[in-house]
Amino acid sequence: MSSTELPDTRTAASAAARARAVRVAAGEELRSVVLPGLTLTVRARPGTRAGLPPALYVHGLGGSSQNWSSLMPLLADKVDGEAVDLPGFGDSPPPDDGNYSVTGHARAVIRLLDAGGRGAVHLIGNSLGGAVATRVAAVRPDLVRTLTLVSPALPELRAQRAAWPTAMLALPGVASLFARITRDWTAEQRVRGVMALCYGDPGRVTDQGLRDAVEEMERRLELPYFWDAMARSARGIVDAYTLGGQHGLWRQAERVLAPTLLVYGGRDQLVSFRMARRAAAAFRDSRLLTLPDAGHVAMMEYPETVAQAVRELMDDNDGTDKNKKQGGS
Numbered sequence: 001m002s003s004t005e006l007p008d009t010r011t012a013a014s015a016a017a018r019a020r021a022v023r024v025a026a027g028e029e030l031r032s033v034v035l036p037g038l039t040l041t042v043r044a045r046p047g048t049r050a051g052l053p054p055a056l057y058v059h060g061l062g063g064s065s066q067n068w069s070s071l072m073p074l075l076a077d078k079v080d081g082e083a084v085d086l087p088g089f090g091d092s093p094p095p096d097d098g099n100y101s102v103t104g105h106a107r108a109v110i111r112l113l114d115a116g117g118r119g120a121v122h123l124i125g126n127s128l129g130g131a132v133a134t135r136v137a138a139v140r141p142d143l144v145r146t147l148t149l150v151s152p153a154l155p156e157l158r159a160q161r162a163a164w165p166t167a168m169l170a171l172p173g174v175a176s177l178f179a180r181i182t183r184d185w186t187a188e189q190r191v192r193g194v195m196a197l198c199y200g201d202p203g204r205v206t207d208q209g210l211r212d213a214v215e216e217m218e219r220r221l222e223l224p225y226f227w228d229a230m231a232r233s234a235r236g237i238v239d240a241y242t243l244g245g246q247h248g249l250w251r252q253a254e255r256v257l258a259p260t261l262l263v264y265g266g267r268d269q270l271v272s273f274r275m276a277r278r279a280a281a282a283f284r285d286s287r288l289l290t291l292p293d294a295g296h297v298a299m300m301e302y303p304e305t306v307a308q309a310v311r312e313l314m315d316d317n318d319g320t321d322k323n324k325k326q327g328g329s
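Sequential numbering from 1 applies to the sequence shown in the working numbering.
It should be emphasised that the hints constitute simulated quantities derived from the structure, not laboratory data.
One thing to keep in mind: the hints can contain errors.
[What the hints assert, rightly or not] If you anchor each label on the Cβ, the simulated ranges turn out as follows: (1) Gly193 with Asp293: 15 to 25 Å; (2) Ala26 with Arg311: 16 to 26 Å; (3) Arg287 with Ala25: 38 to 48 Å; (4) Thr290 with Asp97: 31 to 41 Å; (5) Glu312 with Gly116: 37 to 47 Å; (6) Gln246 with Gln189: 37 to 47 Å; (7) Gly116 with Ala26: 21 to 31 Å; (8) Gly117 with Glu218: 33 to 43 Å.
Note that CB positions come from ideal geometry on N, CA and C, so glycine has one too.
Using the sequences and the hints given, assemble the complete structure.
See below:
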């Protein structure tokens, strides 16, 4: 899974139109990277000085690069940060081949990294993005300096009940049925439901944060592929959970060479807190941060705490070279 394709930035007029449609925080830059059969929107938070190592942030199911807007500025003095909208999410259109599997998303991330030519990155993923980042680190260790996983979507024998609706989206017809059943729900109702599911304490969301999330939800609901991207990506997670052998996510976790930070929330309703110890044992060079009051998106609830742990990981592995060996796919 490698690529030597070079990125091609869209016209300034097109980029401006896209930037007007999507919220861009102060200090962030938005651009499109066009590859054959694939267009990815990248949200950049340039480092505070030249020569900083690169970082790439990968969001979870139903999320976007905006999920990292609280964490990225806290690390801007350490890394030159970029957050990607996975295919079909955020401002990235669907992939031409319709592949929303974990492997498909991982391939998109690898192609972006290869095309960018920035070298090995500090790779940071949440939920689905954590599973994607695990696969990237396992098959292309040359691309990953350190790995940070916030509530990664790794297989569980007994998923929590709150996660069942997400798994049900993978069933044929369920997404379209849910879209019809909820067609009268307002964007704010949907956002509050998501926050109740993903946050340990939804009260930590500011009024401005709620308004921004509602605006983004309104934009997404107008996209003709919104439910299809959700359903196919949910199916991709379920399928990844059933893979065995060397392609299984736990087996790939054992292959990861990069120093790894694992972040788990005690109030996570989607990824069980009990998986933290198993993950710490699976990744060979790992450290564990547990946040008892956090939910599924600790980088949004407790960005300062997560940022400090990431800093310590980077500082302790500055100049590490042990993860640069080329891997196979």
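Against the structure, the hints:
The beta-carbon spacing between Gly193 and Asp293, approximately 20 Å, falls within the hinted interval of 15 to 25 Å. In this structure the hint that Ala26 and Arg311 lie 16 to 26 Å apart at CB holds, the actual value being about 22 Å. A C-beta distance of roughly 29 Å is found between Arg287 and Ala25, which places it outside the suggested range of 38 to 48 Å. Roughly 39 Å separates the CB atoms of Thr290 and Asp97, a value that falls within the hinted 31 to 41 Å.
Between Glu312 and Gly116 the Cβ separation comes to about 26 Å, which falls outside the hinted range of 37 to 47 Å. As the Cβ distance of Gln246 to Gln189 is approximately 43 Å, the hint placing it in 37 to 47 Å holds. Checked against the hint of 21 to 31 Å, the C-beta distance between Gly116 and Ala26 comes to roughly 24 Å, which is consistent with it. Distance hint check: the CB atoms of Gly117 and Glu218 are about 36 Å apart, consistent with the given range 33 to 43 Å.
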